[in-house]
Each structure stands twice: as structure tokens, then as C-alpha cells.
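Novice: Once you know that position 341 of the sequence shown is 341 in the working numbering, the rest is easy, because the numbers rise by one and skip nothing.
You may find that some hints are simply not true.
[To be verified] Keeping only pairs whose Cα atoms sit at most 27 angstroms apart, straight-line, the calculated DSS-like set for lysine-lysine is:
no., residue 1, residue 2
1, K237, K299
2, K438, K479
3, K514, K184
4, K479, K130
5, K514, K150
6, K395, K130
No lab work stands behind these hints, which were simulated from the structure alone.
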Amino acid sequence: MPPRRAPPSRKRAASPIQKPGPAKRRDTKDTEDTKAPKAVKAIKATKDTKDTKAAKPSKPSAPAKTTKKAAPQPAKSTTQKETATTTTKETATTTKETAPTIKETATTAAKPRSIAQPRSTVTNEPPTTKLQVFVFGEGSAGELGLGPRKGTEVSRPRPNPNLAGVVSLATGGMHALALTADNKVLTWGINDHATLGRDSTWEGESTPTAVPANHFPDGTEFAQVAAGDSLSLVLTKDGFVYGWGTFRDQNGVFGFRLGSAKEGVIRVQEEPIRIPGLKNITQISVGNDFALALDASGKVYAWGNGQQAELGRRLIERRRREGLVPTRIGFPKKTTIVSVHAAANHAFAIDSNGDTWAWGSNNFGQTGIISGAGQDAAVVCPPQKVESLVGSKVKTANGGLHHSIALTESGECLVWGRVDGYQTGLDISTLPVDDESKVIADPRGRPRILLHPTPLPIPPAAYIAAGSDHNLVVTAEGKAYSWGFNATYQCGQGNDDEVKTATLINGKQVRDEKLVWAGAGGQYGMLASHLQEQ
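All chains, please: the whole structure from these sequences, using the hints.
Specialist: Next comes the structure, spelled out in C-alpha cells:
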């Protein structure tokens, strides 16, 4: 087994900007054992399996994680007439299942089992257009999906033959998911906390591989995939959500769900399980360590780690784990939400009137709410309407740790938030640093925070994606632009210099492609065009 190569020190140097927020990934086993309540594993091996269990192949430590993903557009949904008044009882994960645990070797076969199919009243149409995928950036944790024998640093977009023909993708911090045309969910990247939902050796982590179908009811069809820091979610055609992995906080593993009174908190979910309390869901979106789900009636549910008000509600410390239960976010009466968009530690929702709502971390004004910008612990809670976006007709929004980007119906890109790391793609030398109503400066008088959404001078856009501190945009003409932090080639420009303004990605592999999608992970990126089948 080849060792997992750590990136050169110059590539792993942290951004020159101090970034408040959740800690980067580190080994938290001791912390978890001493601070967390005892929890029974969601799935235990059988006695024979435990007696003969092979040791998991060792692998080097994963690189420090700089989180964040951008998920594909939500699946289309149409509400159908309800065909039943009751749902089948949720199939709970028990301690007597015979499926192997995620820590067993990849050669152990899972025993097939029958899972009841819940009832539903919605239909999410699965995507069908096959894609050609290009990857670039840091891949030492396998997040590029190129396999164990490929280079772990890719400075310009490179075709990934392992992903040719997938129909949907999602980029997480250091892992990714894809949905295939024949209804398989592929995962690859780091698997420290069951993030991939399957057994893996190092070789298995770096190669896109299907999550075993026996974890889902027979006949399950998938419509969307989403990825966070250590979390993976899938949305089914009939409006149910399955997930695996865990949510993290500043101490490490926070937990995945609340188990029975005997189990306590299930800290890591080692195989896919249906998220209780969610049905008729039409869209999912995942931030660093929280998740959002939108149902057919326009209600929004949030769950995960809510330390920075990501859940749209406040939880006192001793009740923080109640955040692991999906709970409806409160919006004013007669407000119907039509789409949700999770950024790193903040979130957006767009209502039926075209107005944008925001909540979560706001220390750099990343929500678009001016109040609190520049204060270390500033948050917006509950959701507030972003007045500076009223009339902009925002179609979708995204964001990194401290900045945000929105795409309007006319194709205009609006950016705001932190600028001293080139997160917005604007020429910061042109910003009105003397106007405190528009820009907050640092002690040396240099621009630090852009308070108002500002147009980005690029051609009309069709798709946007935000990583922790870098961004990707696909224009209506099928070209890609990038900017921001670039120490691990995540901007795809062929070098590791910071990309100060929005710059065309002109690598030969994508120069003649008409791109349609982009995804920005923690330290890598992806682009996709329609697959030209021979």
C-alpha cells in the first residue's frame, strides 16, 4: 500500500489570514474519549466477524483540512397527490446487524438485507445528463478521485476518467460524491469518520467507488448528493434523505444523531441511514458542519453543529446536541422558501418573492447583514432578510468561511464579505476605503470587509461555487473563472500564487470545452462539461 504523501510544506502553509471559526481536522480520539458521552456504535459486527476481523491498513495522517464544498443545483421537484396517510415505520439501525463495519477491510462482503420502502408524496426528478469531469488542486487525501497511482497535486484542470458519465457531483472539505447514470452513489477522498459510507483501504479512498446498495430500500432512486466537512447526504426521488459520517465542532467529533436512551449520541454513522423526521424533501444543502433540507411546502429544516447560529436558532451549551435533530427554521408568516444554500458557517434561503434571507456567522459581514460585521463573535439569528439584495432577483447564493457570492437571474455575480485574502475577486485597490458605510479597513488603512453586495466585472454567469477562500464561476458561454487563496492549486491557474482578481481558467484541457458546472472543495476544485459520447 503506497503511503499517503503529504504536500510540500510551502503548499501546506496556512493562509496568511487568521480565520476564526471551526478548527481544522485533527486527531481527536483522546479528546472524544474523555469529553464525550459513551455511545454504542450504530452497527456492530457479528461475533464471527469480530473474531476474524482484519486490521485496517495503516495510512499516514491526512493533511490539515481547510473545509468547504459547493453542491450541484437542487433536483427539480413536483408535488403529487398523497397516496397514503401513513408511512412505514422507520427502519432503525440496530446493534445486531450483520453488515460489516466501516473499519473492516474492503474485501469483506456486506450481507444483503431487506429495508422497508417509506411512502412519499413528492417526486424529485433524477438528473440524466452525463458529464465529463475535470479536477485540479490538492489530492493527497484522495479527493481528486484519480486513483492511488496518480499525482496528488494537479495545477490545471485534468480529465478524470473515473468520473466520466456521472450525472451529478458534490464537493466536500476533503471528500466528494457523485451520482451515476445507473443510479449508483460514488464516494472518494478522506474516510477518517466514515465519510465515504463504505469500507476502504487507501487505494479505495482515492478511487470513486459505489456505496453498497443494500444500505437503501430496494428500488431507491437518487436525485441529489451533498457533502460537507465530514458529512455526506443523498436525496431520493421520493423525498427522503439518507446520511452518514459525522458533524464536527472545535473539539473534533460532535456527533451524527441522537440514538436511543441506551445508545446516547451516535458519534459517527458508519453506514447510510435515513434521517428521521424528514419527508417530502425537494432539496438538500450542506455547510461545513450543518445541513439544510427544504420540503415541498416551503419549510426549511436544519441540523448539525449550531455553534455559530447555522441552525437558525440558538441552543445553550448543555442542550447543543439537540441540534442533531432536524428542526424547522422559523420565518415570518406567509414566507415560502423556494431554495436553500449552505455556505461554510452561514446560510441563505430565497423566498417566492425573490427576497434573500440569511443567518449564521457574520464576523465579516458574510451574511450581507451589516450589523455586527467586524466583531469576532457576530452572528445573525434568527434569519433576517438581506435588504441590500432586495430587487436583485437572486437565483442562488454560496459562501466560504468569511465571504459570499450570489448569482442573479440576469447572470450578474455579486460578492461581499472579507477581501484581504482576495476572496471577492475584486481589485481591492479600487474599493472606497475611506467610506466606512461601504468598507471596513484594517488598522493600517487597507480594505478588510466589503459590506455591500458588489457586481463582479466578468461576463454573465450560469454557475457559482465557493470554497473556504477561493471561488469558481462558470459563465453562460461555458468558460470558467477563479480567484482567491491558491496555495494548493485550487484555482486551477497552473501556479500557486494567490489569484487577486477573477481570472479566466485557460488550461488546454478545458479551453475548448463548454463548461456547465463547478465545485469548490476545501483545497481542490472541479469543473464539468457535457460528455460527448463516441
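Novice: Each hint: holds or not?
Specialist: Hint-by-hint comparison with the structure:
With a CA separation close to 18 angstroms, the supplied pair K237 and K299 stays within the 27 angstroms bound. Of the pairs offered as hints, the one joining K438 and K479 is violated, with about 31 angstroms between alpha carbons and a cut-off of 27 angstroms exceeded. Pair hint K514 plus K184 holds up; C-alpha atoms about 26 angstroms apart against a cutoff of 27 angstroms. Straight-line distance between C-alpha atoms of K479 and K130 comes to about 19 angstroms, which keeps the hinted pair within the 27 angstroms bound.
As the CA atoms of K514 and K150 are separated by approximately 26 angstroms, the hinted pair is consistent with the 27 angstroms bound. Under the criterion of a C-alpha separation no larger than 27 angstroms, the hint pairing K395 with K130 is consistent with the structure, at around 24 angstroms.
When the structure is compared with the earlier hints, a violation turns up for hint 2 alone.
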